[in-house]
Amino acid sequence: MRALLANRRAALGALLVGLAAFAALFAPFLTPFGPDKPDFTAILSGPSATHLLGTDDLGRDMLTRTLYGARVSLLVGFLSVASSLVIGAMLGAVAGYAGRWTDAVIMRLMDVIFAFPSVLLALAITAALGPSLTNAILAIAVVNLPVFARIARAQTLVVRSLDFVEAKRALGFGPVNILLRTVLPNITAPLIVQGSLLFAMAIITESYLSFLGLGAQPPTATWGNMLRNSIAFLDLAPWMAWFSGLAIFVSVLGFNLLGDALRDALDPRNN
Amino acid sequence: MAGFLVLRIASLIPILIGASVVVFLLTRLIPGDPVLALLGMEATDEAIEALRIRFALDQPMPIQYLAWLGSILTGDFGRSIQSGREVFPMLTEAFLPTVWLSLAATAVSLAIAIPAGVIAATRRDTAADYSVSFIALCGLSMPSFWLGVLLILAFSIHVPILPASGYVPPGDDFLGFLRHLVLPALTLGTALAAAVMRMTRSTMLEVLDADYVRTARAKGLRQRTVIWRHAFGNAQIPIVTLLGIQFGQLLGGVVITETVFSWPGIGKLTVDAIFARDYPVVQGAVLLTAGLFVLLNLLTDVLYTLIDPRLRLS
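Respectively, the protein sequence lines represent chains A and B.
Read in order, the letters of the first sequence correspond to residues 1 to 271 in this note's numbering.
Read in order, the letters of the second sequence correspond to residues 1 to 314 in this note's numbering.
Chain A with its partners taken away, still in its complex shape (with noise of 0.2 Å):
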């Protein structure tokens, strides 16, 4: 029973990203709209057969840019998670495998990154850089390194002593080659499935930024600054306000649900 439920969110885990995939992907074919072309006859106009989800304070069709919203958003988490992952993991097995005083400068660095709570790190990081669809990225990986790097410490603390680790050692294969082609594949699971959960907070984080303007500029659409230039029209144009943020949601929810299934699939425990 618990597989096959597991196996039912997996699925609906994957339909649902599949969705915002498919949209980022197909976002020009999809609509007969330009995402930034003002339409001034149309301005704040209802959801209706030409605008299925209504459009903005310039005309603009909020299908579309829904539509195209998703390729920023799925564009800066994946940016992100792999480059965080990458640096991270690399940075964790290397604390991990040295130790001593390689570990500790590495992991105190990485406490210091957690002293931020994520969003306000975020936040400043994109504040004192300037606003920009690179400098979001930047930010979201930079606050996501620590929890890379502790889970594949963690892991390389383990994987280190392991007998074929030892084997090799004894051979004489050098820490490089030890750590990238005996560790690193060995700690990945762990990272992939802490990589969809953060895919998951990426999106979110990206979609704060942007509603505070701290994102990608307009007049480029992002669910974020979609939903920060609908709080003007709440009274006048309710559904400004409710399909971006409901993008946000199915595709956050999309990577929780693949995340959280991973995870279950992944840990032993549940066997």
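For the record, the hints were derived by calculation from the structure and aren't laboratory data.
Only a predicted model underlies this, so the values are computations on that prediction, with no experimental measurement involved.
Errors might be hidden in some of the hints.
Label-pair ranges, simulated between beta-carbon atoms [what the hints assert, rightly or not]:
1) G291(B) to F233(A): 34 to 42 Å
2) A107(B) to N177(A): 51 to 59 Å
3) L19(A) to V159(B): 26 to 34 Å
4) T74(B) to A11(A): 53 to 61 Å
Per the computed footprint, the stretches of chain B lying under chain A, defined by three or more beta-carbons under 8 Å from a beta-carbon of chain A, are [what the hints assert, rightly or not]:
5) 18-30
6) 130-141
7) 149-163
8) 254-267
9) 271-280
10) 287-294
Away from chain B, derived, C-beta distances all over 10 Å, residues of chain A [unchecked claim]:
11) N7
12) L25
13) L30
14) P35
15) F78
16) I106
17) S132
18) L179
19) Q217
All residues carry an ideal CB built from backbone N, CA and C; glycine is no exception.
Add chain B to chain A, keeping to what the hints say.
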């Protein structure tokens, strides 16, 4: 206990120093002249020269940092570019609304999460369990500003019974204060509730399997006593830990919620200052929040050693 406290507090010092270095470097990353960034474009030549000397800007970076740290440690966070007011009293004014909001959000989340988590665990693998777990996952996936906007739409626009934004100090008009507090507290409390509920469920599941719970049942104790006294009593440590960590993250979530509801706390102060390029205020608010965050983590540690004395030994 005293020895543990001293050790634990001492371990905070390098982290706090590191955090201050990060904030210092961030203010130096701002493109352009940091003095102009801190004083604003309309600063007089004398003021610029005075700040240059005080921040030792002609000296190497490490000395600049020490000069900066010196003024921060004496409580001198500089003056707001926008209002010309000292930053420190601005921070203390914004502090209280944030505390009220965080406490209310925590209360909301505990009131939802603990019963829901216990129900899910005691009825493991039933429809009730699955529904509660799925709702919690939805709560975790909910971007809090969207929830905030939906609540405003529902309770301030469609059925206008609660104010959409603003703040009334509790001393002036307590009822008005509560009315303004409801929507932001619900918004902020939901994400927290989801995380606490998941932790409550999984910890309760582990504890319900334990021998002492079986013993308690075998003694013929009432179901309610077994669940709440014997099982839940022992499930508290991970929940308190998680609550401590989440409460810290709440300080981040506060930024968004306060902005949506124009709640005049630290979060809104930070965001407003970012937009006004009011860097002394941004710097002070970020430092204060990081300091609080670190202190909360300390408090969590201390709290769970109080709940579980075994942890003091390690």
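Against the structure, the hints come out as follows:
Distance hint check: the CB atoms of G291(B) and F233(A) are about 39 Å apart, consistent with the given range 34 to 42 Å. At about 55 Å, the beta-carbon gap between A107(B) and N177(A) stays in the expected band of 51 to 59 Å. For L19(A) and V159(B), the hinted distance range of 26 to 34 Å is satisfied, since their beta carbons lie about 32 Å from each other. In this structure the supplied range 53 to 61 Å holds for T74(B) paired with A11(A), their Cβ-Cβ distance being about 60 Å.
Here's how the region 18-30 of chain B fares: 9 of its residues keep a CB closer than 8 Å to some CB of chain A, so the rule of at least three is met and the hint holds. Three residues within the 8 Å Cβ limit are the bar, and the region 130-141 of chain B against chain A gives 5, so the coverage statement holds. Coverage of a stretch by a chain is defined here by at least three residues with a beta carbon nearer than 8 Å to that chain's beta carbons; for the region 149-163 of chain B and chain A the count is 5, and the condition holds. Taking a C-beta to C-beta cut-off of 8 Å, the region 254-267 of chain B contributes 4 residues in contact with chain A, enough for the three needed, and the coverage statement holds.
Check on the region 271-280 of chain B: 3 of its residues sit with their Cβ under 8 Å from a Cβ of chain A, so the three-residue criterion for coverage holds. Check on the region 287-294 of chain B: 4 of its residues sit with their Cβ under 8 Å from a Cβ of chain A, so the three-residue criterion for coverage holds. Non-interface status of N7(A) relative to chain B is upheld: no Cβ of that chain comes within 10 Å, the nearest being about 14 Å off. In this structure L25(A) is separated from chain B by more than 10 Å, as the shortest Cβ-Cβ distance comes to about 22 Å.
Against chain B, the non-interface label of L30(A) holds: every CB pair exceeds 10 Å, the least being about 23 Å. The beta carbon of P35(A) sits about 20 Å from the closest Cβ of chain B, which is more than 10 Å, so the claim that it is off the interface holds. Against chain B, the non-interface label of F78(A) holds: every CB pair exceeds 10 Å, the least being about 18 Å. Every beta carbon of chain B lies more than 10 Å from that of I106(A), the smallest distance being close to 13 Å; the non-interface claim holds.
At roughly 12 Å, the least C-beta separation between S132(A) and chain B is larger than 10 Å, which holds for a residue marked as non-interface. For L179(A), the non-interface assignment is confirmed: its Cβ lies about 26 Å from the closest Cβ of chain B, beyond the 10 Å cut-off. Non-interface status of Q217(A) relative to chain B is upheld: no Cβ of that chain comes within 10 Å, the nearest being about 14 Å off.
Checked against the numbered hints listed earlier, the structure breaks none of them; every hint is satisfied.
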